[in-house]
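S.K.: Generate the whole structure from the sequences, applying the supplied hints.
Given next are the chains, with one letter for each unit.
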Amino acid sequence: MADIALNARHDPEAAAATRRYFWNRFLIYAVLTLFAVIYLAPLLVVVFNSLREQSDIARNGLISLPRSFRLDAWAEAWGTYCVSGTCEGMKRNFFNSLWMTIPATLISTLLGAMNGYVLSKWRFKGSEILFNLMLLGVFMPGQISLMPWAFLLGKLGLTNSTYGLVLIHVVQGISFTTLFCRNFYVSIPDDLIKAARIDGAGFWRIFRKIILPLSPPILIVTVIWQFTGIWNEYLFGVVFTSGQQQPITAALVALTAGGTTARAYDVMSAAVLIGALPPLLIYLFGGKYFVRGLTQGAIK
Amino acid sequence: MSTRDLTIPVAAPATPWRQRLGTMVPILVLAPSLAASFIYVFVFTLWTLYLSLSNSSLMPTYGFVGLDNYASLWANRRWNIAYTNLFLFSGFYIVGSMAIGLLLAILIDQRVRGEAVWRTIFLYPLAVSFIVTGTVWSWLYNPVDGIQAFVRGLGWTDFSFALTANRNTAIYAVIITGIWQSSGFAMALFLAGLRSVDPDLIKAAQIDGASVSRTYRKVILPTIAPIFLAVAVIQIQFAIKTFDLVAALTRGGPGVSTTFPAIYVYDLMFQRGQIGEGAAAAMMMLAALAVVLVPYSLWIVWRRRTEGRNG
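Chains as they are written, first to last, in our numbering: chain A, 1 to 300; chain B, 1 to 311.
Rather than coming from a laboratory, the hints here were simulated on the basis of the structure. Note that the Cβ used here is the ideal one computed from N, Cα and C, for glycine as well. Do not rely on the hints blindly, as some may be mistaken.
Stated by the list, open to error - Partial list, computed: chain A residues near chain B (C-beta under 10 angstroms):
{"id": "1", "residue": "Leu32"}
{"id": "2", "residue": "Asn115"}
{"id": "3", "residue": "Met134"}
{"id": "4", "residue": "Met140"}
{"id": "5", "residue": "Gln143"}
{"id": "6", "residue": "Ser145"}
{"id": "7", "residue": "Ile174"}
{"id": "8", "residue": "Trp204"}
{"id": "9", "residue": "Thr249"}
{"id": "10", "residue": "Leu255"}
{"id": "11", "residue": "Ile282"}
{"id": "12", "residue": "Phe290"}
M.R.: Structural data, given as structure tokens:
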């Protein structure tokens, strides 16, 4: 007892330092919490509203705790809500997005892996220049390609079809996937490839036996990047498809464009969440790879 | 003589043919992607360039009119609004999200508990589409149902927050939402940068008695200076391409007050049947990107070379 009292009296500086430390920590967590609230609030508002009754929302506004818990809005948004005459909810558009995103992701990733393999391990005269030219595709604004795509899709009979969007996303995605894979494969030692070639392994054998087994990290990054990017894309969806053929992003804009008439916020909230769910789930379960893709895409 | 005549015809067809095929495989694998990229990057760009010089209106036509479309584009008041918005948005958006991103990164870097949780919260907006973000925020900005109604309900009855209802303030709603969406991205890049700083450097500063804030200002931030530039360049790119966010949040309105170049292109090409002028606006977008990206890429190449030379 006496010791403690003595210490406290004798070391005011240490006490002040401790106090300052705690204030610091408190401030850090306070600021982080404040921002966390700002970031999470919109998500919570939408989740709550998808569970509330429309009459409750109309009376108490959008920002309020749910007084009821019902999934009717979800069911309606998924299957029966009417947008411009057809009452099928979002499910068609959800599957449009899915059947657009999955093939486009897989094809562009596969092509990117093979391109990256060639451009890192089978370089030839001029391959670096070709690689740099392909990279230009990363920076192209979609607006430049709108009219040419409209013409090409028309010629190919792919206007207003999911296949047309798959084609666009594959072509647009190749430069990203090639970049990701090439930069990853460069770090695989060339000696490994040389040794395999001396043993008589050819192009495809080396790809299957050496490159692919080492590829999962970069393939996951690429697939996540492509999937979220293509799922969330809006411009091509709204330009080249309409009504029943629209991917979910375009359908969401059509759904919420109701003007100022009484808005079914409960159903629209559920619809928005249906559209946001696939990339959110991927983010939550593959967050590490998502972030890696971001930083790799950014700092080349 | 006779032996040579014998051996050559036997050996020649076999090995060179297989060898040649062997060396061809990588090029054959690359060829389809190369062709597609070439068409996408060069043919499409030249195509749109030509359309921008043509008299295309409702359909693409190829009567050459020189720079007429560009002249009428720059004479258009709405285009003026579009690029003014772009400058305004770019400035606030980049500075805002970098400032918040840096603050969050530094705070998280203070060995906080639950780092992964904080990071996940700050970065999730980037996983969802601008369409989702824009839609939800358009509700929150709605004066009748959103934030204004909420604060008034708390008792502050003359509180006013109706950015999207007013021509002069709607652009700030776009800016705020843009910052909300992407400051987590800046945070992720800054955090990666902070973690890559040599710990010995920081230790040396601390031994010299430098305070935390001084260590950050004098040692850590200067070493991650290239990241500031990288973040800025990426965000200018986002800004120039901004389309989805505005389409979902304000649809370019009220009136035409939140028109952006990308919105302008879409509107002219597909709503007003002025393909020629729309193509001219698209070419201006490309030019804006080139103005930012070409010097940046050259700088990157130059930096890599000098670093390579210095070991």
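S.K.: Each hint should be assessed against the structure and marked as holding or not.
M.R.: Structure-based check of each hint:
no., hint, verdict
1, Leu32, "holds, 6 angstroms"
2, Asn115, "holds, 5 angstroms"
3, Met134, "holds, 5 angstroms"
4, Met140, "holds, 6 angstroms"
5, Gln143, "holds, 4 angstroms"
6, Ser145, "holds, 5 angstroms"
7, Ile174, "holds, 5 angstroms"
8, Trp204, "holds, 8 angstroms"
9, Thr249, "holds, 4 angstroms"
10, Leu255, "holds, 9 angstroms"
11, Ile282, "holds, 7 angstroms"
12, Phe290, "holds, 7 angstroms"
In this structure, none of the earlier numbered hints is contradicted; all agree with it.
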